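Novice: In order, the protein sequence lines correspond to chains A and B. Per my numbering, the first sequence starts with residue 1, numbered consecutively. Per my numbering, the second sequence starts with residue 1, numbered consecutively.
If you are wondering where the hints come from, they were derived from the structure by calculation, not from laboratory data. Source: prediction; values computed, not measured. Heads up, some of the hints might be wrong.
You can't tell identical chains apart in this list, so a pair holds if it fits in one copy or across any two.
Calculated cross-link-like contacts (lysine-lysine; reagent style DSS-like; alpha-carbon spacing at most 30 Å) [unchecked claim]:
{"hint": "1", "residue 1": "K200", "residue 2": "K282"}
{"hint": "2", "residue 1": "K125", "residue 2": "K249"}
{"hint": "3", "residue 1": "K315", "residue 2": "K29"}
{"hint": "4", "residue 1": "K140", "residue 2": "K127"}
{"hint": "5", "residue 1": "K226", "residue 2": "K330"}
{"hint": "6", "residue 1": "K226", "residue 2": "K127"}
{"hint": "7", "residue 1": "K29", "residue 2": "K249"}
{"hint": "8", "residue 1": "K144", "residue 2": "K39"}
{"hint": "9", "residue 1": "K329", "residue 2": "K41"}
{"hint": "10", "residue 1": "K249", "residue 2": "K39"}
{"hint": "11", "residue 1": "K330", "residue 2": "K28"}
{"hint": "12", "residue 1": "K320", "residue 2": "K29"}
{"hint": "13", "residue 1": "K41", "residue 2": "K320"}
{"hint": "14", "residue 1": "K249", "residue 2": "K28"}
{"hint": "15", "residue 1": "K178", "residue 2": "K224"}
{"hint": "16", "residue 1": "K309", "residue 2": "K224"}
{"hint": "17", "residue 1": "K29", "residue 2": "K282"}
{"hint": "18", "residue 1": "K243", "residue 2": "K2"}
{"hint": "19", "residue 1": "K140", "residue 2": "K41"}
{"hint": "20", "residue 1": "K329", "residue 2": "K200"}
{"hint": "21", "residue 1": "K125", "residue 2": "K224"}
{"hint": "22", "residue 1": "K309", "residue 2": "K29"}
{"hint": "23", "residue 1": "K226", "residue 2": "K29"}
{"hint": "24", "residue 1": "K315", "residue 2": "K282"}
2 protein chains.
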Amino acid sequence: MKKVMNNPENVVNEMVEGFIATFGNGYKKVLNSNGVIVKNKPDRVAIITGGGSGHEPLFIGMVGEGLADGAAIGNVFSAPTPDTIIEVTKELDSGHGVLYVYGNYSGDVLNFDMAAEMLDFENIKTKTVLVNDDVASAAKENAKDRRGIAGDIFAIKIAGAAANDNLSLEQVAAITQKAVDNIRSIGVALSPSSIPSTGKYTFELAEDEIEFGMGIHGEPGIQKTKLLSADELTQIMVDYILKDIELEKGDEVCILVNGLGSTTLMELFIVSRKLTNILEDKGIIIYDADVNSYCTTLEMAGVSITVMKLDEELKKYYDKPAYSPYYFKKGR
Amino acid sequence: MKKVMNNPENVVNEMVEGFIATFGNGYKKVLNSNGVIVKNKPDRVAIITGGGSGHEPLFIGMVGEGLADGAAIGNVFSAPTPDTIIEVTKELDSGHGVLYVYGNYSGDVLNFDMAAEMLDFENIKTKTVLVNDDVASAAKENAKDRRGIAGDIFAIKIAGAAANDNLSLEQVAAITQKAVDNIRSIGVALSPSSIPSTGKYTFELAEDEIEFGMGIHGEPGIQKTKLLSADELTQIMVDYILKDIELEKGDEVCILVNGLGSTTLMELFIVSRKLTNILEDKGIIIYDADVNSYCTTLEMAGVSITVMKLDEELKKYYDKPAYSPYYFKKGR
Numbered sequence: 001m002k003k004v005m006n007n008p009e010n011v012v013n014e015m016v017e018g019f020i021a022t023f024g025n026g027y028k029k030v031l032n033s034n035g036v037i038v039k040n041k042p043d044r045v046a047i048i049t050g051g052g053s054g055h056e057p058l059f060i061g062m063v064g065e066g067l068a069d070g071a072a073i074g075n076v077f078s079a080p081t082p083d084t085i086i087e088v089t090k091e092l093d094s095g096h097g098v099l100y101v102y103g104n105y106s107g108d109v110l111n112f113d114m115a116a117e118m119l120d121f122e123n124i125k126t127k128t129v130l131v132n133d134d135v136a137s138a139a140k141e142n143a144k145d146r147r148g149i150a151g152d153i154f155a156i157k158i159a160g161a162a163a164n165d166n167l168s169l170e171q172v173a174a175i176t177q178k179a180v181d182n183i184r185s186i187g188v189a190l191s192p193s194s195i196p197s198t199g200k201y202t203f204e205l206a207e208d209e210i211e212f213g214m215g216i217h218g219e220p221g222i223q224k225t226k227l228l229s230a231d232e233l234t235q236i237m238v239d240y241i242l243k244d245i246e247l248e249k250g251d252e253v254c255i256l257v258n259g260l261g262s263t264t265l266m267e268l269f270i271v272s273r274k275l276t277n278i279l280e281d282k283g284i285i286i287y288d289a290d291v292n293s294y295c296t297t298l299e300m301a302g303v304s305i306t307v308m309k310l311d312e313e314l315k316k317y318y319d320k321p322a323y324s325p326y327y328f329k330k331g332r
Numbered sequence: 001m002k003k004v005m006n007n008p009e010n011v012v013n014e015m016v017e018g019f020i021a022t023f024g025n026g027y028k029k030v031l032n033s034n035g036v037i038v039k040n041k042p043d044r045v046a047i048i049t050g051g052g053s054g055h056e057p058l059f060i061g062m063v064g065e066g067l068a069d070g071a072a073i074g075n076v077f078s079a080p081t082p083d084t085i086i087e088v089t090k091e092l093d094s095g096h097g098v099l100y101v102y103g104n105y106s107g108d109v110l111n112f113d114m115a116a117e118m119l120d121f122e123n124i125k126t127k128t129v130l131v132n133d134d135v136a137s138a139a140k141e142n143a144k145d146r147r148g149i150a151g152d153i154f155a156i157k158i159a160g161a162a163a164n165d166n167l168s169l170e171q172v173a174a175i176t177q178k179a180v181d182n183i184r185s186i187g188v189a190l191s192p193s194s195i196p197s198t199g200k201y202t203f204e205l206a207e208d209e210i211e212f213g214m215g216i217h218g219e220p221g222i223q224k225t226k227l228l229s230a231d232e233l234t235q236i237m238v239d240y241i242l243k244d245i246e247l248e249k250g251d252e253v254c255i256l257v258n259g260l261g262s263t264t265l266m267e268l269f270i271v272s273r274k275l276t277n278i279l280e281d282k283g284i285i286i287y288d289a290d291v292n293s294y295c296t297t298l299e300m301a302g303v304s305i306t307v308m309k310l311d312e313e314l315k316k317y318y319d320k321p322a323y324s325p326y327y328f329k330k331g332r
């Protein structure tokens with residue numbers, strides 16, 4: 001697998017340097033760590049996200065106005081270090097506390113929790129909302145063990161808007177948790193990605209096979225099939241989601257069709273076409289829809305579908321404007 | 001090559017249907033043709049772009065506020081039909097005339113020109129600015145034969161802003177032409193894409209080879225080498241551009257690092273890091289920078305660099321806000 005890089009050991013450092021060189025008007029790097037934060041420290045609850053690299057534009061691309069205020073990132077598919085998380089938090093805390101919003105992976109949880117404990121000694125208050133939207137990663141009764149995938153995007157959007165409303169840390173956490181409780185996702189993989197430092201593929205799939213529920217680091221999925229048509233595989237994904245969350249005629253949802261890396265927008269639109277048809281046939285109201293590659297797995301081919309069920313409060317925060325170089329909403 | 005699609009013959013129709021299903025609040029499809037236009041017909045000069053499909057988000061993703069008002073698209077890597085172009089034009093003309101802004105490919109030129117001639121009989125006035133930014137596609141003395149690649153993005157941005165300023169068709173065309181005269185691009189390909197309808201690859205490259213100047217439909221390039229480091233291949237691309245356009249200390253430029261399909265943002269940032277270093281070392285002022293996959297070749301791997309030299313007038317129009325689901329500027 002050919003990649004555009006220099007020393008494979010430096011891909012994350014050089015990515016962060018490139019991000020700052022490109023968008024340095026609005027962002028800065030946290031000294032000596034792979035943290036990226038907004039230049040203007042907000043005087044309210046701060047939102048911090050993070051996780052391993054390799055999912056770009058997540059996480060650094062979700063730092064912006066009405067979104068996260070900072071991201072602590074690790075090496076490719078590796079959790080950010082506690083030090084990085086601590087540094088990013090100290091840069092952003094203005095005394096109102098900090099909410100961590102990130103995907104539920106054990107390494108990330110360990111390091112964010114360790115950072116939170118150490119910050120507690122310095123009287124910096126943190127709370128955590130874990131995103132666990134991937135219905136394929138654990139049964140419904142063990143939903144707290146589920147992994148986070150593209151649902152991060154909606155969770156960060158809501159968290160950022162709630163923080164901007166000058167709510168307390170507890171309130172921002174509660175609204176973000178409600179969003180997460182209303183988000184469900186599932187993906188299907190067509191081909192693997194390769195790790196920059198080793199060139200190794202993250203998993204194997206035969207030329208005519210696809211796998212539903214595969215994780216964004218190549219974690220095993222729940223259903224392997226022969227290649228299906230776009231309409232068929234979309235139907236299967238929607239069925240998994242609708243088995244997991246009650247959606248009735250008249251319910252309002254936001255949907256996201258997310259590319260996993262090398263899947264083209266053309267293919268994503270073909271999935272979005274079927275997804276919107278299925279939901280509309282059921283009388284479910286699509287309040288907003290988005291199609292993009294926000295949460296990727298390097299150059300993996302595949303697509304995930306995310307649904308967030310709305311209520312008036314979530315709609316209010318979803319409707320606020322948001323802006324980063326990779327995610328934007330005009331607001332309404 | 002596995003792709004997420006239904007009948008390969010329908011990928012473009014279904015893509016357009018998916019785009020409208022997703023973003024239908026702001027857009028509509030032109031009846032019986034693969035044209036996408038803004039819902040609110042503007043009462044000024046209209047901007048229309050277009051070309052073959054397979055380059056998404058170009059062209060439909062560049063339809064929006066302060067950008068193109070419509071796009072006429074063809075099948076994968078095929079020009080839009082004259083009928084499509086005529087229908088899109090009729091939907092958007094408000095008596096102020098229409099500017100066509102698109103990449104310089106013979107099939108596109110033939111069909112847009114044929115449409116323009118037929119519209120002339122109906123007293124609909126059109127003008128054309130051909131984007132020819134790819135320095136690799138012809139020598140400087142034959143620059144009018146050069147192909148258009150990611151420079152389309154800047155050209156459409158400037159054209160849309162100038163049209164919004166209620167200028168005449170001649171004025172909008174002149175400003176857009178000036179932008180094009182100031183844009184240079186070059187790309188490097190790492191791996192090919194495959195055509196949905198045939199599954200065939202557009203070209204071949206050995207596992208350790210890359211090719212500079214390859215076109216976005218797999219047109220032959222100008223320099224084949226062994227795989228180079230990101231810094232090395234960026235330097236080579238910048239050298240090609242700087243041989244072609246005079247840039248002196250203190251000159252201001254906009255730059256775009258554009259992914260060709262499956263190349264990750266991580267890799268694009270590593271290129272952007274080197275590109276900004278090279279330009280800053282020369283004292284060239286980077287007025288604005290962007291890193292994204294705007295002009296793709298299906299799932300081809302590779303990257304292109306685009307530079308637009310600015311003057312006060314181009315800056316004024318570049319600074320206007322713009323919004324589509326895939327390209328946005330807050331304005332300044």
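Novice: Going through the earlier hints one by one, which of them does the structure break, listed in rising order?
Specialist: Violated hints: 1, 2, 5, 6, 8, 15, 19, 20, 21 and 23; rest satisfied.
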